[in-house]
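Colleague: So the sequence lines, in the order shown, correspond to chains B and P.
Letter 316 of the first sequence, counting from 1, is numbered 316 in my numbering, and no numbers are missing.
Letter 225 of the second sequence, counting from 1, is numbered 225 in my numbering, and no numbers are missing.
In case anyone wonders, no lab produced these hints; they're calculated from the structure.
You may find that some hints are simply not true.
What the hints assert, rightly or not - Just some of the chain P residues that point at chain B, by a computed CB distance under 7 Å: (1) L63; (2) H93; (3) G106; (4) N109; (5) I111; (6) H158; (7) L160; (8) S161; (9) G162.
The C-beta atom is built at its ideal place from N, Cα and C for all residues, glycine as well.
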Amino acid sequence: MSQLSTTAKRAGWRFASSLPALFGVLVFTFLLMRVLPGDPAVFFASGPSAGKEEIEMIRKQMGLDKPVPEQLLRYLGDIGSGNLGRSLTTGQPVLADLKSRLPASLELTFSALLIALLTAIPLGVAAALRQGSWVDHLVRFICALGVCVPTFVSGLLLIYAFYYLLGLAPDPTGRVDIFTSLPPRATGFLLIDFALAGDWEGWRAAAAQLVLPAMTMALFVVAPLARITRAAMLASLGSDFVRTARSLGLPPRKVIVTYALRNALLPVLTIAGIVFSTMLGANVLVEKVFSWPGVASYALDALLSSDYAPVQGFVLLMASIFVVVNLTVDVLYGIADPRVSVE
Amino acid sequence: MTPPQSLPLLAIDDLHVTFSTRRGLVEAVRGVSFSVAAGETLGVVGESGSGKSVTAFAVTRLLDASGRVSQGRIRFAGEDITKASSKQLRRLHGAAISMIFQNPRGALNPIRTVGQQIADAIMAHEPISSAEGRARALELLKAVLIREPEKRLDAYPHELSGGMCQRVMIAMAIACAPKLLIADEPTTGLDVTTQKTVMDLLSKITAERGMAMILITHDLGLASRYCQRVCVMEQGKVVEEAQPLALFSAPQHPYTKRLVAASPTATSTIADLAPEALAPSAVSHSPHPEEAAPAAVSKDGLVVSEPPGASFEPKPAASPQDEGSGKTKPAPGTPLLLEVQNLVKRYDRGVVAVNDVSFAIRAGESLGLVGESGSGKSTISRLVCRLIDASEGEILFDGQAIGTLPARDFHRSPLRKDIQIVFQDPTDSLNPRFNAFDCIAHPLRRLLNMKDGAALTARVSECAERAGLPSSLLERFPHQLSGGQKARVGIARAIACRPRLLILDEPTAALDVSVQAVILQLLDRLRREDDLALLFVSHDLNVVRMMCERTVVMQNGQIVEQGESLALFAAPQTEYARTLLEAVLHLGGPTAR
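In isolation and in its complexed conformation, chain P is listed as follows (with noise of 0.2 Å):
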């Protein structure tokens, strides 16, 4: 601990940030204060749009042109740096204040060798040579235990793995020494197992060079292992303050009560996670663009229909048993609709990417696929989607061999209506020039051969409806509709067809937790409805505990472990797998140091 004193390291004062916008002035932060001492590590949680990233930009002054600091002050070691010169700045980036940014790769020149760059953020504040530089950079790679950091000195980004170019931006930040180190969001992205070893790293190198860290993320349970104290922010404003247990286990603010109870743990159900979003009328047609507005409906108090079982405070441990609506087992009897045998897939030059893997999924069932990037499981989606071909083995849809039929040929089987994917990127997957209707009216034109006309109208109004698109923003084109509604057209568009197997490639992976949340009670809900069978594909091992049945763990192409859910998170069978859950963040859960 530090020892009390009268001067924090840095202290925001009522901060104002402005961006100039066609629509005019937008005020992002409206109000934000708080303090960090030498030596703390402050968090910053909220959801996106919150403005926790144009607080730390605006405390690195690195804002875009179009954002100014318009009040407030900003008090680094007591020098207001509000006003400095470029100057001053220049001296103060990288030497007492420096960041580390989301997607690492993107944050590190693609044409300069690592070495170079490292070398680059030393000799900006010191005056050594390149061959000085070289013999620092080495020494900082190791100290962000790279392997063999020889060879990676003269790597380029391309060359190596997200984690590890974090951990190149980590030993950029940390060269010259600087007192307070700003992480934003720096491992969103990366992998459950990646992300601890380099928060790990973080936390050891903070704690040994006596360097303040602000933490911002929207991930509350990264927040609560590893900061001291911990900021909420919402809409611009920091709206409750606390140490992490205190903030979790007793949130004061509505806000902050939402945000926990959205975010999945180790023992919550579906139900639990937004309880307010179980009365459709108060979400769906809500007339706010933002997914965030049934904040203002639980803070009215107004949502009366609380599900049983769906309290703000996280619950004790729920036994097995206790599975909330979140499964609804299929009876034993059930008829296998989809058997996967032995599949594999090659690429060129000897690329494995799934390696003889097998498992099956019953009519109604929920199966979740799990693994790490580059474990497989997008590859066996695409292939079970029969949006690519298999090297090998069956795949058996009713008992009808699908992987025969060459992937471009597909869409011509009468099959292709019962096998539909919604797609990680909710934007990414929605054709810009459609707009909602279009977008949902597409399968059913292709696919049933439904022609413009009253009928078409009111299936993708139902389709719509069923999904919580309010049927208003159907005229809408993608970049008119929030991340949420995105996800939502996407879902209704690929329940249009009624299929019977819905595969769902990391759904929610780009959503905030009160949106995931949002969502994710809506395919429970679709599924139970309509007896869909899912393929959940996700990285989020909590969201799949709450979403599947039985889980399939996957680690470089190959299954490692297969089972029920519950039984499979509850006790592990193989090492990969409990490295895996290990690494998860638990809200509140016992701290790592």
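The following block holds chain B by itself, in its conformation from the complex (with noise of 0.2 Å):
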């Protein structure tokens, strides 16, 4: 139970120092947007024919005529009482169009690392139980090819080969077909509020449409998983360890998952958290393709019609994820590795 304790306690104080970075992040992308041109009060009023009355209208309105620093305290109050304004492009609070949005992202985020992680894994251990063969060379084939394709042309090709060519997936627009009824939302998760529901075929629906794009995010980060298992499963297979393990005999299955393997998730825990983060970020590219109403397209869009407030609630947002997610990695890495709650 000492160990629970101090598992809290560690990641209690990872949190609270990380605390700072993220009131940087507030304030360098507050002032990022300030410095980027564009002028939102001309985006926005109502149109090329505008007058200067209006534009200077809308300014004030936007509070944009006040000094730089006092609008960086009034942000700053805004979020303290968990105000993020309000997108100009949708008209809705930010907070709002967030809370329906990030579901969609995480859904994708989630699938994708799992489809990732379910495929990295195996060949990892492939090629550092055959070093050096074949298997191993594949491996490295396919990594590097996943590496090198970018996620908009495995994207597309996906979407040639299983929806032009073959038929198999659906239309790739969006969380579901418009012919199949939304479940009534409980967490925002499709696939569980479909299984919530006791909807399997909307679930089946959901989880078709979810597919291509999960599988072109995870083609992009299975490589740096792979590679991370493969010399990770090197070291431990090469450990003094899994030597003692074969000199009283265990049998292989044995040795080769409850000794080395497990020992060589340790790092793979490590960088599948970071995996995530950037996934989560980085997959606008996946959101526009397939569709996808995600986070990312979203901070985009608003960031194309210099629409600050979207923006900026969606780098907090995403501080604020990489900040849980390190916590949570903590957590298991102090749970899977009894000496790190010693230090």
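Join these two chains into a complex; the hints should help.
Modeller: As structure tokens, this is what we get:
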């Protein structure tokens, strides 16, 4: 039980020490948005013919006539009270927009990570067990391919193959096709909501929509995960304790899984955390290709139309998710490796 | 004794093991033959690179993927196991032959409890439930005499001491009652007292259970005490095989003779260890990359300048006056060079590594610091060297208080060049990107502000020569040097600025005995030539007795005894010092059983 408490203490400490970084991110993005070219007031005026007074009025409405430090203070105050501002493009509060779109992104990223891990770990293990053989080279080739093909290309290729040629996949537009009725919203994760509602037909439809984008994203991150699995697996296969296990005649399965792989998964866990955070932000291309209503494409649209509030909200969200993911990895690591809690 | 039998338990016949490396095939074992009878304990001794561990791994078929048995037969209970399938081998491993390894902590799975690991070992060969496995694991932990076995069952290896980890390893090895136990350097890296308890346990268990044991070690004392028969290996071959008493009192083969001579005993002096090393030309300019080269010299009978008192036979107990060349006492009136007063070092969470320690060293005097791991001796060496800051207390060097200067600023002090240190690990203490020349020149450039040029080159060559490092090796990088050569670079670097106090933190712990002998002689010579004061930290009491006039015995951060080495070693006053001394194994000394 003391291990639990030390883990909790460490997690709390980690969380507290990441707060300054979060604050820094806030201020930095705020300033960055002010420095970027493009006047939102002009953009949101009624049209190209809008008069000077109208633009001036919009500026005043948005608080853009105030000095920057005051704007920053008001912004921070708003965030403190849970108000991320209102998106000028959608007309909705940013918080509500993010809330409705985040589950889509998370569902996609989680599925992609799951697919990636389920592919990468066996590949890495196989490559390590037969180091230097054709299996090893094949894995290396697959990894190189995954990394060097951009996601929008691989996404389009997958659509071409599975939707256009084979007709296996549904049309790549959004999370469900228009004929499926949505389940009552409980978590926002469609797979979970459908399962909760007991609507298995809808569940299958949502899963079918999810497979292609998730595979596209997974393809991109299989490489780092497989490579790190291979390296960690090689290290633990060559370690003294695996030699001990062999010298005692343990069954090969036990040696490979319980002794070598469990130790090798520790670095994989760390990398998986980093990969997850990166995917969540970097999946904008996938979301665009598959018309996925996620937060990344939302932020991109806002950025292109100089809509400050959604971009700032998005950056804050990403930073918070990064902190939470790191924290989770830290806690999991503490549970998986008993040595950590001692330090 | 086992009855005479026609069939030995293990018979190795003309074994060859080859490794495929980048530079082609390397034969590590070249025609080894020996046998082990049921219940017998056989010692295999030799220095690093002699092929003794490779032989063990060949027997258990646990060689690296690059190594293979290229010739010869290994018969276990009449069956040739060089041709056994992996399935047959799995049945042999643990149940018929099991192994104990060096570095017990590394040999255990770090993220699995020791109880589970022991149960794994049993369940690999017997169909029992995990509850039964746990019960059996507990029994085994009791059998290896671990304190509080119930609590240890759920402990992870990092929560146990090195000695306890080795006990767990033994428990796993004996779990399925194998007939043969191969112990590969089972006590290297453990404290002397722990070494003794672990070895006593091993010999008790093997005797009780009628197991045969192959004890692989570089320590002749260990082999002579615990083995019924000893094989000496050199460069992949068995050069001599005999009963330990006969082997060590009258060695036949030149290599055995050299090995016996190089092993410090209760009475040996520095000069005894490696007589041929006193002819420096024979040693230091040998083109052979390994320190083992001098063997060939003595084999050919080239050694003519044997110093008086150096003979291959262990001498009868020398009288305390017969000091050899090892000690030159400074005159009584010599001023104190280093004075340590009430030194305390505390770490976070209330750990007190050094607790109220006081001692002094005169100019040119050599002080030994002994104790088990965790006794605080390395901390003291770092404190005195001003690499870390003391929590309390005074360090006076040549009358000046140097303890008040923060350790991070001490490199600017003019006294930095007067206090130098030689570290334990010759590899890790050299910058891998510096060649030997740069390693030695580094302190000269930094502390004496010497610029590149003839003067610096001359100074470096001089230091290298004094440390017995041929100038042809100065261009080499650490990974191109042997262990002994790296130790010489470390010493040359430490003496480069002509310090007055040299701190030696286990300078020979990572070296083979024959290399150790040469390095000890080198240090002793340097000390006499430069009137150097030494602070010699070591766990090897025999070495300290030879090297130091006075000895300080430490336990748990405190000094328990200090005094003249000869008197202290002859008649220790405290219980702890006595325990330490009793745990020291002496060549051909009275056997335990």
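Colleague: Just to be careful: measuring from the Cβ of S161 (chain P) to every Cβ in chain B, is the smallest value less than 7 Å?
Modeller: With Cβ-Cβ at 14 Å, over 7 Å, it is violated.
Colleague: Does H93 (chain P) pass the interface hint, meaning its C-beta sits closer than 7 Å to a C-beta of chain B?
Modeller: Since chain B brings a Cβ to about 3 Å from H93 (chain P), closer than 7 Å, the hint holds.
Colleague: Does the CB of L63 (chain P) sit less than 7 Å away from some CB of chain B?
Modeller: violated, 10 Å
Colleague: Would the hint on L160 (chain P) stand, with a C-beta cut-off of 7 Å toward chain B?
Modeller: violated, 12 Å
Colleague: Under 7 Å, Cβ to Cβ, is where N109 (chain P) needs to be relative to chain B, so tell me if that hint holds or is violated.
Modeller: Cβ of N109 (chain P) sits 4 Å from chain B, so the hint holds.
Colleague: Would you check whether I111 (chain P) satisfies its interface hint, that is, whether its CB is within less than 7 Å of any CB in chain B?
Modeller: holds, 6 Å
Colleague: Quick check on G162 (chain P) please, does its C-beta sit within 7 Å of some C-beta on chain B?
Modeller: Result: violated, 13 Å to nearest chain B Cβ.
Colleague: Could you check if H158 (chain P) really has its C-beta closer than 7 Å to a C-beta on chain B?
Modeller: holds, 5 Å
Colleague: Any CB of chain B closer than 7 Å to the CB of G106 (chain P)?
Modeller: At 4 Å from the nearest chain B Cβ, G106 (chain P) passes the 7 Å test, so the hint holds.
Checked against the numbered hints given earlier, this structure breaks hints 1, 7, 8, 9; the rest are met.
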